[in-house]
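Chemist: Sequence:
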Amino acid sequence: MQIEVPSNLKNIDRPIVFFDGVCNLCNFWVRFIIKRDPHKKFYFASLQSKAGRAILQAIGLPDGELNTMIFLEGDQCFLKSSAGLHIAKAMGGWWRLAYLFIIIPESIRNIFYHVISKYRYRWFGKKETCMIPTPELQDRFLD
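Taken in order, the sequence shown gives residues 3 to 145; the numbers are from my numbering.
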């Protein structure tokens, strides 16, 4: 699913990865991306943060009902499996090869995404509070 981004948000200079800040699996993927992003190409925002909620509300996504990965890049917003594939593409290098899975219909890709999403807390655990970035990473997280 792709959503049009309002013109007042199009001046964001880097792609934003939105994630569930209390999900251990989601936090793993954020750390994974950061480790492979030495040029600081991405911003990050938890779905629970003020900035995350404000941006998603401006896009027209319902506040508090989201439990999915979201990727905002330029004037496009991607959800669920499409978000993950577009992140891999934006990471560059060998990770771009993962984008080849985009040829699989979104409805099929999202079946697997929904199963993982549904059981992620049971399988990987959940934190009581959102991840707090280290001082050297704070400039990459939107509050």
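Just so you know, these hints were derived from the structure itself, not from any lab.
Just so you know, these numbers come straight off a predicted model, no measurement behind them.
Every residue gets a Cβ at the ideal spot worked out from N, C-alpha and C, and that includes glycine.
Any given hint could be a false lead.
To be verified - Listed next, the in silico PhoX-like pairs over lysine-lysine satisfying Cα-Cα at most 25 Å (straight line): (1) K52 - K129; (2) K82 - K42; (3) K43 - K82; (4) K42 - K120; (5) K129 - K37; (6) K120 - K82; (7) K42 - K91; (8) K82 - K52; (9) K120 - K43; (10) K43 - K91; (11) K52 - K128; (12) K42 - K52; (13) K91 - K129; (14) K82 - K37; (15) K128 - K82.
Unchecked claim - The calculated label-pair distances, taken between Cβ atoms and stated as ranges, are: (16) R98 - K52: 28 to 36 Å; (17) I106 - E138: 31 to 39 Å; (18) I106 - A53: 29 to 37 Å; (19) L139 - P107: 15 to 23 Å; (20) D141 - G95: 29 to 37 Å; (21) L102 - Q78: 13 to 21 Å; (22) I113 - P137: 23 to 31 Å; (23) K52 - K128: 17 to 25 Å; (24) V117 - K42: 31 to 39 Å; (25) I113 - E138: 23 to 31 Å.
Chemist: All the hints need checking, so say for each whether the structure fits it.
Modeler: Here's how the hints hold up against the structure:
Of the supplied pair hints, the one linking K52 and K129 holds, its CA atoms being roughly 18 Å apart against a limit of 25 Å. About 23 Å separates the Cα atoms of K82 and K42, which keeps this hinted pair within 25 Å; it holds. Pair hint K43 plus K82 holds up; C-alpha atoms about 20 Å apart against a cutoff of 25 Å. Under the criterion of a C-alpha separation no larger than 25 Å, the hint pairing K42 with K120 is inconsistent with the structure, at around 31 Å.
Of the supplied pair hints, the one linking K129 and K37 holds, its CA atoms being roughly 21 Å apart against a limit of 25 Å. For a cut-off of 25 Å, the pair hint linking K120 to K82 stands: about 12 Å separates their Cα positions. At most 25 Å may separate the alpha-carbon atoms for a hinted pair to count; K42 and K91 meet this at roughly 15 Å. Restraint check for K82 and K52: satisfied, since their Cα atoms lie roughly 21 Å apart, inside the 25 Å limit.
For the hint pairing K120 with K43, the CA-to-CA distance comes to about 29 Å; that exceeds 25 Å, so the pair is violated. Pair hint K43 plus K91 holds up; C-alpha atoms about 12 Å apart against a cutoff of 25 Å. For the given pair, K52 sits about 20 Å from K128 by alpha-carbon distance, which is consistent with the 25 Å threshold. At roughly 22 Å between alpha-carbon atoms, K42 and K52 fall within 25 Å of each other, so this suggested pair holds.
For a cut-off of 25 Å, the pair hint linking K91 to K129 is broken: about 29 Å separates their Cα positions. About 22 Å separates the Cα atoms of K82 and K37, which keeps this hinted pair within 25 Å; it holds. Using a Cα cut-off of 25 Å, the hinted pair K128 and K82 holds, with the two alpha carbons roughly 19 Å apart. In this structure, R98 and K52 meet the distance hint of 28 to 36 Å, their C-beta atoms being roughly 33 Å apart.
For the pair I106 and E138, the supplied restraint of 31 to 39 Å holds, since their beta-carbon distance comes to about 37 Å. The supplied range of 29 to 37 Å is met by I106 and A53, whose beta-carbon atoms lie about 32 Å from each other. Evaluation of the 15 to 23 Å hint for L139 and P107 yields a failure: the beta carbon distance comes to about 36 Å. Distance hint check for D141 and G95: the Cβ-Cβ separation is about 23 Å, which falls outside the suggested range of 29 to 37 Å.
The hint said 13 to 21 Å for the Cβ distance between L102 and Q78, and at roughly 19 Å that hint holds. Between I113 and P137 the C-beta distance comes to about 40 Å, which lies outside the given range of 23 to 31 Å. Range check, K52 to K128: Cβ separation about 21 Å, and the 17 to 25 Å hint holds. Under the hint 31 to 39 Å, the C-beta atoms of V117 and K42, about 33 Å apart, fit the expected range.
Separated by about 38 Å at the C-beta atoms, I113 and E138 break the suggested range of 23 to 31 Å.
This entry does not satisfy hints 4, 9, 13, 19, 20, 22, 25, going by the numbered hints stated previously.
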